[in-house]
Amino acid sequence: MLKISELMGRIREQNPVVHHLTNWVTIYDCANVVKVFGGSPVMAHAKEEVAEMARLASALVLNIGTLAPDFVEAMKIAAVAANKKGIPVVLDACGAGATRLRDDACFDLLHSVKIDVIKGNRSEIARIAGENVHTRGVDAAEVDRDMIYLAKKLSAERECSTVITGKEDVVTNGIKTYLVNNGHPMMADVVGTGCMAASVIGMFCAVEKDHVAACACGLACYEAAAEMAAAASRGPGTFKENFFDAAYNLDKATVDKMAKIVLLE
Amino acid sequence: MLKISELMGRIREQNPVVHHLTNWVTIYDCANVVKVFGGSPVMAHAKEEVAEMARLASALVLNIGTLAPDFVEAMKIAAVAANKKGIPVVLDACGAGATRLRDDACFDLLHSVKIDVIKGNRSEIARIAGENVHTRGVDAAEVDRDMIYLAKKLSAERECSTVITGKEDVVTNGIKTYLVNNGHPMMADVVGTGCMAASVIGMFCAVEKDHVAACACGLACYEAAAEMAAAASRGPGTFKENFFDAAYNLDKATVDKMAKIVLLE
Amino acid sequence: MLKISELMGRIREQNPVVHHLTNWVTIYDCANVVKVFGGSPVMAHAKEEVAEMARLASALVLNIGTLAPDFVEAMKIAAVAANKKGIPVVLDACGAGATRLRDDACFDLLHSVKIDVIKGNRSEIARIAGENVHTRGVDAAEVDRDMIYLAKKLSAERECSTVITGKEDVVTNGIKTYLVNNGHPMMADVVGTGCMAASVIGMFCAVEKDHVAACACGLACYEAAAEMAAAASRGPGTFKENFFDAAYNLDKATVDKMAKIVLLE
Chain E
0 MLKISELMGR IREQNPVVHH LTNWVTIYDC ANVVKVFGGS PVMAHAKEEV AEMARLASAL
60 VLNIGTLAPD FVEAMKIAAV AANKKGIPVV LDACGAGATR LRDDACFDLL HSVKIDVIKG
120 NRSEIARIAG ENVHTRGVDA AEVDRDMIYL AKKLSAEREC STVITGKEDV VTNGIKTYLV
180 NNGHPMMADV VGTGCMAASV IGMFCAVEKD HVAACACGLA CYEAAAEMAA AASRGPGTFK
240 ENFFDAAYNL DKATVDKMAK IVLLE
Chain A
0 MLKISELMGR IREQNPVVHH LTNWVTIYDC ANVVKVFGGS PVMAHAKEEV AEMARLASAL
60 VLNIGTLAPD FVEAMKIAAV AANKKGIPVV LDACGAGATR LRDDACFDLL HSVKIDVIKG
120 NRSEIARIAG ENVHTRGVDA AEVDRDMIYL AKKLSAEREC STVITGKEDV VTNGIKTYLV
180 NNGHPMMADV VGTGCMAASV IGMFCAVEKD HVAACACGLA CYEAAAEMAA AASRGPGTFK
240 ENFFDAAYNL DKATVDKMAK IVLLE
Chain S
0 MLKISELMGR IREQNPVVHH LTNWVTIYDC ANVVKVFGGS PVMAHAKEEV AEMARLASAL
60 VLNIGTLAPD FVEAMKIAAV AANKKGIPVV LDACGAGATR LRDDACFDLL HSVKIDVIKG
120 NRSEIARIAG ENVHTRGVDA AEVDRDMIYL AKKLSAEREC STVITGKEDV VTNGIKTYLV
180 NNGHPMMADV VGTGCMAASV IGMFCAVEKD HVAACACGLA CYEAAAEMAA AASRGPGTFK
240 ENFFDAAYNL DKATVDKMAK IVLLE
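So the sequence lines, in the order shown, correspond to chains E, A and S. The numbering of the first sequence is numbering that gives the first Met the number 0, which starts it at 0 and goes up by one. The numbering of the second sequence is numbering that gives the first Met the number 0, which starts it at 0 and goes up by one. The numbering of the third sequence is numbering that gives the first Met the number 0, which starts it at 0 and goes up by one.
Source of the hints: derived by calculation from the structure; they are not laboratory data. By construction, the Cβ of each residue, glycine as well, lies at the ideal position given by its N, Cα and C atoms. Warning: the hint list may mix true and false statements.
Covered stretches of chain A (in silico footprint by chain S; criterion: 3 or more residues with CB under 8 Å from a CB of chain S, positions within the stretch not fixed) [what the hints assert, rightly or not]:
#, segment
1, 66 to 77
2, 113 to 123
For each label pair, taking beta carbons as the anchor points, the in silico distance ranges come out as [as the list claims (entries may be wrong)]:
#, chain 1, residue 1, chain 2, residue 2, range
3, A, Lys-259, S, Thr-253, 35 to 43 Å
4, A, Glu-51, E, Gly-129, 13 to 21 Å
5, E, Pro-68, A, Lys-2, 41 to 49 Å
6, A, Asp-209, E, Glu-5, 55 to 63 Å
7, S, Asn-248, E, Glu-51, 37 to 45 Å
The whole structure should be built from the sequences, with the hints applied where relevant.
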């Protein structure tokens, strides 16, 4: 297994540019989480510049949180450029299962371009995997299925890594499967933690070609910082600011010690 | 009078989905205030999905803070779906009186769909009530009128509840009128407090059909949390984070004790 | 030299409206920085209302951070109204040098309307001054040129003030040149500090016609607050909240003492 601290070090040295087409709610958080870990975020969504921006980047993160048809077109243009350059493309299936437009956007993207990592909560991933799930807005609904099975099936079908975030995160490429057990319940009580996870994943995949390992390391790292922040916070307001501090100050030895990653047989 | 703590409890139990079409400045704050009080925020503005999203929701909040003509069209589609489902629709008349586009958007919405609660500051509500007021941007201008009279008139004409926020909030449906005297001057020194008030109102109306009482309780609850936050803050930066903490941790007995709501004869 | 405290006082008294057409990443920060210093921010981008809004304002700030062709059209309409009214127009050349669209937007704006202040980091200003620089996203790239020379040349050609932010800020109108040496390295480790600088500059130019002096005072004031915030922070998360507190509480005597502005011969 790769050491998290090794990847953290690469991010701090290489300062990878992570290009986002994301939603207007958590766009600041997505940019800032990349910044505090040592990457260089860039947000650009105009069709006229996304290809050029993707060519400057080391990873591309697509998030459909506040999508519109035009926006999906721009995502495709950016992803084509990213595919051509060979940089990882992460899709956050935010709200998949809630509306037809969101489902269509995900399937359209998966059909049109190469997505390297699909990330969502239980209900979102179940929907993308073809289950008949109705998501209640953007928060996770309970899904009565074996999520590891679904994630592996999706990865095999789509030739990608799949990340299911939750109390225990599932990370798989269909062959290798990791469970990540870091994090804190307060992450579910503040807006933005799901979106930031996708940005972190993009940043870690920017510095490591073994994407499934990069995803697991990225999540463990991100959630370790969240654990430290939660311990120092009185609620979700101070938690978020403390999280940015913790991520920024994260010590390599500490993160390797805190990580709870299990490789399934 | 309804107990605030009773409504707070319903929100924490029922976790109502509050669908927003709001501005790009405070969109994060609007989502997060719903989250920390126990609701489930969803932000979606594409014409292609707003009706579907509104049908998943328990309240709809419309805020014209950074509007555009297309956006108003999407608001109407969402509101029609909300009206059909019978969920409350809140309109935050942000910046009414500042430009023709904002006035037109408000009047167009009020004409086309059923708005259950209109919320604004003194100058915004005066403008919506037909007074010849020119708002200076989005901050309240002084209005030389009896605001209670104007709010009651507006409510009677539009068959809705009207909320005027300020040092003393006026909440009326034309018949019952409440004054809410909670809050803290620091709320006027940070961006987003006005918009968050509309989101809170939407969330409280989602769990209580007596809208005028729900609005008064929601404001008192929101402003009580702000009072607690201000007491612990050195300025508007820490105030906002402390506010999210205070809202999250708000104790039922405390909020009932702190509430300063008066029912006018 | 103007006293910073004198301009700070004017802002707190006059409460200038600062109209922004800015990016969706830091739009909240841009609004809030104006608010905490005592101004009144307004964000409006629809073609149908920008001229009217600019006419209500005392300064106009244009930021191309997440631009689109339509957005540039709205910027021009707002700037024409601002020019007609005689209020200062500030252009933040965010990401110039990264894509053709950004370069074109800047040159198009500079050609079509009167820009009073151009602000950017080293690579952005070099690009606007006609150098063959390729910016890496939105973070500053190293530029191997005498920046003071470039800034003066740009100011002379465009008849404007030019601000280059960095460890040492260069502020010039081609004739008078100031160096500002306030600030803290942590400003580069959090998203939004560059954009906020442009908003502060707009606000200071709103209350003082000697724009080059207003820019220097605004930057010194903004960066002095950042120094105070950094001294009280554990990382970029708490830094930002402490910054808003520090700006809000900034004492006139303190800021005059802290300012490190040098007028070059």
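Q.
A range of 35 to 43 Å was offered for this pair. Does it hold for the Cβ distance of Lys-259 of chain A and Thr-253 of chain S?
A. holds (37 Å)
Q) Okay, the segment 66 to 77 of chain A and chain S, do three or more residues pass the C-beta test at under 8 Å? A) Since three or more residues must qualify, the claim that chain S covers the segment 66 to 77 of chain A holds, with 3 doing so at under 8 Å.
Q: Take the C-beta atom of Pro-68 of chain E and the C-beta atom of Lys-2 of chain A, compute their distance, and say whether it sits inside 41 to 49 Å.
A: holds (46 Å)
Q: Given the range 55 to 63 Å, decide if the beta-carbon distance of Asp-209 of chain A to Glu-5 of chain E lies inside it.
A: holds (60 Å)
Q) If you check the beta carbons of Glu-51 of chain A and Gly-129 of chain E, does the distance land in 13 to 21 Å? A) holds (20 Å)
Q: Test coverage of the segment 113 to 123 of chain A by chain S using CB-CB distances below 8 Å; three residues minimum.
A: violated (count 0)
Q: State, for the Cβ atoms of Asn-248 of chain S and Glu-51 of chain E, whether the hinted interval 37 to 45 Å holds or is violated.
A: holds (43 Å)
When held up to the earlier numbered hints, the structure conflicts with hint 2 and nothing else.
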